[in-house]
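Asker: Sequence:
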Amino acid sequence: MTTIRRFCCNDLLRFASVNLDHLTETFNMSFYMTYLARWPDYFQVAEGPGNRVMGYIMGKVEGQGESWHGHVTAVTIAPEYRRQQLAKKLMNLLEEISDKIDKAYFVDLFVRASNTPAIKMYEKVIVSYFLFYSSDT
1 MTTIRRFCCN DLLRFASVNL DHLTETFNMS FYMTYLARWP DYFQVAEGPG
51 NRVMGYIMGK VEGQGESWHG HVTAVTIAPE YRRQQLAKKL MNLLEEISDK
101 IDKAYFVDLF VRASNTPAIK MYEKVIVSYF LFYSSDT
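In the working numbering, the protein residues as written are 1 to 137.
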């Protein structure tokens with residue numbers, strides 16, 4: 001059984017194994033803490049049996065006027081939990097939070113052009129997102 005809940009400070013000590021994938025962006029602790037403090041609703045974790053971190057999504061809200069939007073900063077699922085639609089659930093949750101809490105007009109995200117699995121997933125599940133490709137440098 002999977003539980004999706006708000007990310008908390010203790011999760012910072014438990015999510016390193018999820019970040020080991022070479023396609024996952026990793027940041028320093030102060031970056032994660034800033035997101036946790038400023039946009040706590042946009043930082044969610046999927047947790048499995050034994051309180052194992054299966055994946056997480058980290059985002060924020062930004063922009064002005066009609067460009068007011070949610071932004072996915074990072075979404076990643078541990079390799080052993082992929083292909084269970086966890087990323088889709090996390091993405092849908094962030095879209096819902098953006099809409100209901102902040103009345104955002106859309107959600108955007110950036111993805112590495114070489115991250116084919118993520119691109120395929122986004123193309124399948126995303127209807128109201130703007131997807132931007134970034135170089136791998």
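Please note that the accuracy of each hint is not assured.
FRET-style restraints, in silico, Cβ to Cβ [unchecked claim]:
1) Met1 / Gln64: 37 to 43 Å
2) Ser30 / Asp99: 26 to 32 Å
3) His22 / Glu66: 20 to 26 Å
4) Gly65 / Cys9: 31 to 37 Å
Treat the hints as calculated values from the structure; they're not laboratory data. Even glycine gets a Cβ: it sits at the ideal position worked out from N, Cα and C.
Asker: Given the range 20 to 26 Å, decide if the beta-carbon distance of His22 to Glu66 lies inside it.
Answerer: 37 Å, violated
Asker: Cβ-Cβ distance between Gly65 and Cys9: within 31 to 37 Å?
Answerer: 34 Å, holds
Asker: May I ask you to test the hint 26 to 32 Å on the CB atoms belonging to Ser30 and Asp99?
Answerer: 29 Å, holds
Asker: Given a hinted range of 37 to 43 Å, is it respected by the beta-carbon distance of Met1 and Gln64?
Answerer: 41 Å, holds
Hint 3 from the earlier list is the only one contradicted by this structure; the remaining hints agree with it.
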